[in-house]
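Go ahead and model the full structure; you've got the sequences and the hints to work with.
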Amino acid sequence: MKNSGEVEKSIEKTDAKKFYRVVWRWHFYAGLFVAPFMIILSVTGIIYLYKPQLDAVMYKDEMFVEIGQNTIAPDEQLKIVETKYPNAKVLKFRPNWESNRSSEFDVLTVDNRELKVFVNPYTNQVTGELDNKNNLQYYALEIHGKLMAGRFGEWIVELAVCWALVLLVSGVYLWFPRRSSFVWGVLIPRLRLKNSRTVWRDLHAVIGLYGVLIIAFMIFTGLPWTDFWGKNILRARESYPLANREKPKSIVPTSSLNASGEKTIPWAIEEMPLANSDISHLDHENHAQTVDSTKDNPSQTIAKSLNPTQILQIAKDNNAPEGFTVSLPQKPDGVFTISAFPDNPANQTTMHIDRYDGAILTDVRWKDYKMLPKTVEIGIALHEGKYFGWANQLLMLVGALTVLLLSVSGIVMWWKRRPAKRLGAPPMPENFPLWKTAVAIVFVMGVLFPLVGVSLIFVLLFDYLILQCKRT
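Going by my numbering, 109 is the number at position 79 of the sequence shown; the sequence numbering is gapless.
Keep in mind that the hints were calculated from the coordinates and are not lab data. Heads up, some of the hints might be wrong.
Here are the simulated lysine to aspartate or glutamate pairs, EDC-like style, with alpha carbons at most 16 Å apart [to be verified]:
{"id": "1", "residue 1": "LYS400", "residue 2": "GLU300"}
{"id": "2", "residue 1": "LYS114", "residue 2": "GLU184"}
{"id": "3", "residue 1": "LYS293", "residue 2": "GLU172"}
{"id": "4", "residue 1": "LYS416", "residue 2": "ASP373"}
{"id": "5", "residue 1": "LYS176", "residue 2": "ASP85"}
{"id": "6", "residue 1": "LYS119", "residue 2": "GLU159"}
{"id": "7", "residue 1": "LYS293", "residue 2": "GLU128"}
{"id": "8", "residue 1": "LYS293", "residue 2": "ASP105"}
{"id": "9", "residue 1": "LYS261", "residue 2": "GLU184"}
{"id": "10", "residue 1": "LYS122", "residue 2": "ASP85"}
{"id": "11", "residue 1": "LYS81", "residue 2": "GLU184"}
{"id": "12", "residue 1": "LYS90", "residue 2": "GLU134"}
{"id": "13", "residue 1": "LYS122", "residue 2": "ASP161"}
{"id": "14", "residue 1": "LYS122", "residue 2": "ASP105"}
{"id": "15", "residue 1": "LYS90", "residue 2": "GLU184"}
{"id": "16", "residue 1": "LYS119", "residue 2": "ASP105"}
{"id": "17", "residue 1": "LYS90", "residue 2": "GLU128"}
{"id": "18", "residue 1": "LYS122", "residue 2": "GLU292"}
{"id": "19", "residue 1": "LYS163", "residue 2": "ASP105"}
{"id": "20", "residue 1": "LYS261", "residue 2": "GLU292"}
{"id": "21", "residue 1": "LYS293", "residue 2": "ASP373"}
{"id": "22", "residue 1": "LYS404", "residue 2": "ASP363"}
Okay, here's the thing in structure tokens:
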């Protein structure tokens, strides 16, 4: 007959086994939902990760030029683009910061096509164009962030990514060794076993073990882009980073400059109001002409103000780092925006310049960021593989491939163990004694990740209804 101590240990062991089965069941359901999206995110992420290299190959003739003696002034390059695309809006201009590169102009045509136009800065000839919304990188990024399904797609991606955290936590719990061997099948996969299901299980567990930290890092550094968590949780901060300066009165966020072409505005200041040029010094006649020219030909408004060459000089005089993009004003009170979005976030610069007198209306640098924006910006640079060059790309490639392998191996494991014509979910134990632990997990996840918390409630209700149906 067992004594009371032995009975208590037996009960604890039984309870632990039941909790293990519950975690396994949650891991199973989460995996079935998350795996397809993780495959999509990993593949599209790899494509976008190597955007610089892919673009250099795919658009070699447009992007690269033979080095000449002298470069043509930006004003003259702008005129060529305006001539080539009459009645189009020239939105952005990026000088050729490397001697063998073309200048780039983002153009919105009358039929609403968003084009990147390449100009040889030595010959002042248009070398080609790229449709900003009809190319490999655009589709990769749209699928990666929205599944090509707008805001609904953003929510699905966010939900899948947050549920991936549930998979990581539950996966580590399931991996934790409960037998004498702490090496084979735990730290090293047993690849020579005849049981292929066990081989796949070992691969899944060991790959997950070694990849858990980098995957968690990729998830957390990707969340700032999400629609719900990124905007409603991380945005719970002062949107204007310069507490010692007057906040612009504009209600248009600086992020509006990211609406077309490549992203040029850092995450840290996307919510910062866009400054306005001072038009009070203009006389009535000139003001009227400027407004009329905006309606008929937006490019003419630039001629009424400072030109791009002058703006470039102002930016250089104010120590703007090389590599910046110039967003051109599109309204009479619009501003020139200098935005440097380099690989090293510490060199990020955003300047709003009055289009008429060249006054610096806003100048935001790394030193002006608070701790949260700095942390997020470094995370984003690492996530995109930009922070420390090719080694950073390689690290993120390993992370993406790990996600891909985990997703594929998880699907294979399920396929090999599932009963015919059944889902094959691990059974829920009866009289589950650790329900308070489950409730605590739901509560914590709900606070940290509201979408996951809400979905967890639905999952638990769904699971409960299934069990009730089976019992009846």
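Status of the hints after comparison with the structure:
| no. | hint | result |
| --- | --- | --- |
| 1 | LYS400 with GLU300 | 14 Å, holds |
| 2 | LYS114 with GLU184 | 37 Å, violated |
| 3 | LYS293 with GLU172 | 13 Å, holds |
| 4 | LYS416 with ASP373 | 5 Å, holds |
| 5 | LYS176 with ASP85 | 22 Å, violated |
| 6 | LYS119 with GLU159 | 15 Å, holds |
| 7 | LYS293 with GLU128 | 20 Å, violated |
| 8 | LYS293 with ASP105 | 23 Å, violated |
| 9 | LYS261 with GLU184 | 12 Å, holds |
| 10 | LYS122 with ASP85 | 19 Å, violated |
| 11 | LYS81 with GLU184 | 22 Å, violated |
| 12 | LYS90 with GLU134 | 14 Å, holds |
| 13 | LYS122 with ASP161 | 14 Å, holds |
| 14 | LYS122 with ASP105 | 13 Å, holds |
| 15 | LYS90 with GLU184 | 33 Å, violated |
| 16 | LYS119 with ASP105 | 15 Å, holds |
| 17 | LYS90 with GLU128 | 14 Å, holds |
| 18 | LYS122 with GLU292 | 10 Å, holds |
| 19 | LYS163 with ASP105 | 26 Å, violated |
| 20 | LYS261 with GLU292 | 20 Å, violated |
| 21 | LYS293 with ASP373 | 13 Å, holds |
| 22 | LYS404 with ASP363 | 31 Å, violated |
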